[in-house]
Every structure is written in structure tokens, then in C-alpha cells.
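S.K.: So the chains spell out like this:
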Amino acid sequence: MTLEIVLMWIAVTLYASSAVLFVTAAVFRRPTIGSLALWSAAAGLVPHAVGIGVRWVRVEHGPYLGFYEVVSSYAFISVAALAFIALRRRELAGIGVILMPVAFLMLGASMFTSKAELEITSKLASWWLNIHVIFAKISYGAFIISFALALVFLFRERATGTLSGMLAKMPSQDVIDDLQFRFAGAGFVFLGIMIASGAIWANEAWGRYWAWDPIETWSLISWVVYALYLHTRLTLGWRGRRSAWFAVLALPVVLFSLIGVPLVYQSIHGAYLLGY
Amino acid sequence: MKHGVPPVRRIRRTLRSPRFVAWLLGALGLYLVVGSIIPQRSLDAAAVTRWAGRYPALGATFEALGLHEAFSHPMFLGMLFVLTASTVVCAWDRTARAARIMRSRGTVDARQVEALRTRPGARFEFDADDAEARYRDAGDALRRIGLRVRSGPLISEASSGAWGLLGSPIFHWAIVGLLLVVPVGALTRSEGLIGIVAGYEKPDVVESYGRLERGALHASMSGLTIGVEKDMPVEFIEDGIDRGAAPVVYLRDGDRELARGRVYPNKPLHHGALTVHISDWGLGAVTTLLEGDIASEPSQVLIDRDETSASGWASVTETYADPTGAEVASATFAPEFGANVAVRVEVARRDGSTISRVMGVGDAVDLADGVSLRIDHLGKYARLSVVDDWSISLLYALLVVACLSVGVSVLVPYRAAWVLLDRSGDVPALCVSVSHSRGDSGFVERVMVGVGAAVGKEDS
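Top line first, the protein sequences correspond to chains A and B.
When we follow my numbering, the leftmost residue of the first sequence carries the number 1, and every step to the right adds one.
When we follow my numbering, the leftmost residue of the second sequence carries the number 1, and every step to the right adds one.
Please note: incorrect hints may appear among the correct ones.
Which residues of chain B face chain A? A partial, calculated answer using Cβ under 8 Å [claimed, not checked]: (1) GLY29; (2) LEU43; (3) TYR200; (4) ILE241; (5) SER393; (6) LEU394; (7) TYR396; (8) ARG438.
One-sided and incomplete, this derived list gives chain B residues near chain A with beta-carbon spacing under 10 Å [what the hints assert, rightly or not]: (9) ALA22; (10) GLY35; (11) ALA70; (12) GLU297; (13) VAL387; (14) ILE392; (15) GLU445.
Ranges of calculated distance between the beta carbons of each label pair, as one might list FRET restraints [said to hold, decoys possible]: (16) VAL400/B <-> ALA116/A: 34 to 40 Å; (17) ARG305/B <-> GLU117/A: 27 to 33 Å; (18) ALA27/B <-> ALA211/A: 49 to 55 Å; (19) GLY161/B <-> ALA168/A: 36 to 42 Å.
In case anyone wonders, no lab produced these hints; they're calculated from the structure.
Keep in mind that this is a model prediction, so the values were computed, not measured.
Yeah, the Cβ is synthetic: ideal placement off N, Cα and C, and Gly gets one too.
Excised from the complex, chain A in its bound form (with noise of 0.2 Å):
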């Protein structure tokens, strides 16, 4: 076993143990359980990032070719997602709850997926792939933040008895309302410049900026959905309960493109997940 598989193995059992605190602490109402689930995620970042950094000097290109790579990279941005929101606001830590058993999933899913380690063709090769890759990882980011802020309006409007008192803390439902909100607006910012950027590397690579290839047309398709999300709330006022659950079902959509379209379909972006 070779040193990035124990980092990944590590990460993996570290955000294991938080998914499990974040639970625990959500249900016994222990702020002591959930500072620790805090931690436990924290620290599985370090081995994760790591084992991504020891595979990407030793592949020369960043966590995009392959699905584990892929996969595990997102399951990276969900908790330093979490992370991130945690430092700016420690109320809203509780979102752990949500995105710590995703990020388990993800980074163990792809612990059995092949490992094979993809070369940078002369296609790939481009400073415009590293932007689109980028953006397509912060408005996952994003977007992943909107959707568990989303779950826990949805989850506290309807909860009562011990279950209202579960993420008690957190902010008002006005101000978590208005959260998912600006990260989904955040995450339509970025997927849009993840699209602007993928198409100017395509015509720099094939000479075509779109083709309608499966996976451009699902990116636009996320992106019309994100837009859908913001014209509601802006001029049909849909918010609170509306809003949140359109935060909630637009994510497998963003899922679907980012990571399930070079599954379904026979795609040119087949390569950077499978290879072929």
C-alpha cells in the first residue's frame, strides 16, 4: 500500500468518525461532540490533502483525470468547504451534519474505484483546463454549502420536540434563508465562468467553443437551472421553503454534470473521468 492510499484510508476514517460526532452531537445536543466532529474533519483534511499532493507531483497535473481523482478531489472541496464556513462563522458549523456523511461517501466510493493514473495529453494540456477546473470545484463548493443551508431550513421548519432542539444553534432561519441564497448566487457565478473558460479551451484545443457535446449541454443545463433558482427568489419572491427546496434539488443536477455525465454517456470529457 503505498503512502497516498494510507493518507486517503486515514481521511477517509477521520471523516468517518466526524460524520458520525456531527450526528451524535446533533442528536444528544452536545456542543463538546460537535467541536470535536469539527476537528476530527479538520484533521482528515490534512492527510487528504497530502495524499492529493503526493499523487499530483508524482502524475504532474492536479486531481482532475480519473474518477478517483475526481470524485476525491470533490469530497476534499465539501470539507474544506465546511471548514471555510466553520472559521468565517461558527454558528453555522452544524452543516456539518450534512456535508461530513457526503464527503465520507464520496472519498470512500472512490477508495474502490480504479486508481490508474491518467497522463496529460496534448489536449488536456492547457492553462485555460486549470481554470475551468478550478471554477467547476469552487461552484461545487459553493453550491454544496447552499444545499446543506437549504436541508437545515427545510429540517428545522418542519422538526419539533428534541428534533427542533437539534441545530439550535444556528442562525435565524432569515439569515439562513439569505445564506443559501448568496452561495448559490456565488456558485451560478463561478459555474458560469467554469463554462466561459471550458469553452474558450475547447477552441483553443478543437477549434469549436461548444459542440453540444453531453457534458457541455449538462453544464448549461445546470446553469439555466441555477438561473431558474435565482429568477424565482428575485422576481417571483419564492423564499424560505420554495427557495430551499429548489436549493435541494438543483444539486444532483450540478452532481449529474460534474460527475455522472461521462458515466452515462460516451462523451470527448469521458477522458478526464475514465480514460478512454
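For this one, chain A is given, so just place chain B on it according to the hints.
M.R.: Below, chain B without anything else, positioned relative to chain A:
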């Protein structure tokens, strides 16, 4: 007597209706999903055939509906047209609103004063002797929140920068620009594959292209000369990455060279609206027809790879005509791999005789009485993709503007607040009103709490 709403106004009302736009965006999203599920001929024609074989009934239906060309289907184009019209109306309305607000910044009319007095967001009452000081404190509180405050003796107006106001209209105009430039660019675009033997040139005219797609409104080919330098590596290594065939390509207008560069994926040659990419490479021969002492213009023969043939290369047949246009012979070229660079030429003459010969540079073969074919050069050729599209730079610019403006609109929205020192009651009061273009209740709360704390009063 009741009058109906004029059709133009009714259309405009529909186009600006948020509900209609929501349905339109939803329909567009669903259509894109359908378009991604059904195989598209432009992407993979073989997949369309396979799909039709697997689902015969559905295949026939979708074929009849034209859904295998979903992204050029009239239904899709119609949706985009309506979306464009709707975005124009929305952009216009937002621009007018932004202009109105910008014009009125720093001024408050009597109606607004009355609204502020009678329907404030919050009202703070004071003792008469320190009202002015509290009014000034309220202005300071608004500055601390990050707003620019313009104060008069009785009323203060505070707002964020103009960018927040302009973000949404600019974004909508950029989307309009994209929705217009993309189809116009496609209609005026040309894209073709041109094969040029290394060390030779071809003019950028229709006849030079093996495959050429021209938009309905594409004006004319550039007429420039496209050349490929003789030295053409087929495994060009840069930064440790095999870039494949990487010819040095140049463009010239007469004797004036316009652009030159080594071309490989992610490093095309740009000149104005022209972009030259490398598509592939193959083997090439340059031939000349000789009639007595007269030599024709050299002609380029291009030989592509063919995985199904024993040699791995296809053969190419060229026909030759006399000055009257009558065919005199045909010659089939195939690479001959041996000690020397050579090509096997099989000539079929008009009189029915044939000849097969392995030829090197300088060799000639008779095609007809007094007409012979000479090999001038054997080597590699570069298959270049040449795109003539003026819209690409404009598209990039519009994408940048759209991304920046929507970022400003969503993340730095326009915010404004007004504070009125109201002396009309028994005791003076500060009437506060807040506006946030995104309707952020958190901002309203921050202003109220900030102003309340600054003046030492709770919201009354």
C-alpha cells in the same frame, strides 16, 4: 365601452412576466435534457443509426420530429428567440429603473418624504434638544455599514456604489448579446479542413478545402496564402508532453507575412477572424504535369492513414485532363516503404493501358502522348482546420462581462437607506427606511440595529 389591450403591449407584458420567463427557462432546461438523451447527428451520426435500430418506433418518431438535430430544431431556435426577446424587455426595464434611481440619487421628492414619514421601516423618537445630534449619529451609522451618505438638514439618503445598480442590467444586456452573437456568428462562420504538404502553400479559397462548412451568410474566403514549413515533426515534445504533429504554419498576403507559429492542440495560429488548428497529418506528394517544355502548376496529392489496409495507409486516385477537359489518365498513389522515400503510382490511360511504377523525387511517368507526370516532392502533409469566425473574440468579451456583472448583481447588490428627522409630531423622531435589491432581510436588520444603536434607541 371596454377596449382590449393592444397586441404589442400584450406581447410585451407577457415577455416581461416573471412567471412566463420562469416557465420558459424551465422548458429550455427540459428541452436540453431531452436533447442530451436523444443521440444527435451532429455529434455522432453512427449513434443515431444504432439508436434507431434499437428503438425502431421511437427512432421513426424522433426522426420525423427532427429531434436528432435538437439544437438546430425550429422549436429550440424559437425558444431561444422568445428568450432573447424576453431578455431584451427585462434588460430594458432594468436599465430604465437603474437610470431612474441614478438620476434621483441624492434627491428626495415630497412623495418619498411623505411615505418615509407615514410608513417608515422604523421610527425612533427623541427629546427635542438632542435630535440633531441623533440625526448626525444615524448618518455615521449608515457610513459604518458601508453606504455613501448624502445629508441634508432634515433628510439623509445613503446608498451603495452604482455598480450594484448596474450589475443586473449589464448582465441581461450581455446575455442578449450572447443570444444574438452566437447565431449571427454561426451564420457568418466558415470552418474547413485543408491539407497542405510540408514546405508548400495553398490559397484560402473554396477549391483548396477537402471539407468546408460555410454559414449561409459567410461573405467570402480570405484569399490569403496558408503555408506549412518544410520541417514538420509528428511527435513534437514540449514540457514533457507529446503534442503530436506540430507544423509551423504561416499566413501571408502577397509578400507580406501576417502571422507565423508552430501549431498544435491548445496552440492555434490566430490572425484576425482566422484561427488555424492542426487536425491531423498524413503523407503528401507534389506532382507536376509536363507537356513538352511546359510545366503545369504543382499539384498536391494527400494520402491519409487507413487502419484497414495492410500498409496502414490509404491510396488516392487523381484524374488528369487535357486542355479541352477530356480525361487522359488517372493515377493512383500509395506510399511505398523501402530504403528510399517513394510512392507507387498506378496509371490507367485513356487507351486502356496501365502501368505501375515505384517513383521517387524527380521521376516521371507518361500519362498520354506528350504528357507526363513528374514527382517533385515526397513528404508529410498537415491537415489544418481553418476557422473564419469574427464572433469568437466578441463572445469571449460578452462572457467576461456577463460573469462579472452577474457577480456584482448577486454578491454586491444595490442597497439604499433613508433617514428623515421628523418634527411634525409632539416629539422629534427619526424615520428610517431601507431598500435592498435582493430583498435581504439581514441587511434591513443591520441598518435598523446599527441606526438604533447609534442613536441609543430601540425601534418604536
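S.K.: Check each numbered hint from earlier against the structure, then list the numbers of those it violates in ascending order.
M.R.: Hints 3, 5, 6, 12 and 18 contradicted; others consistent.
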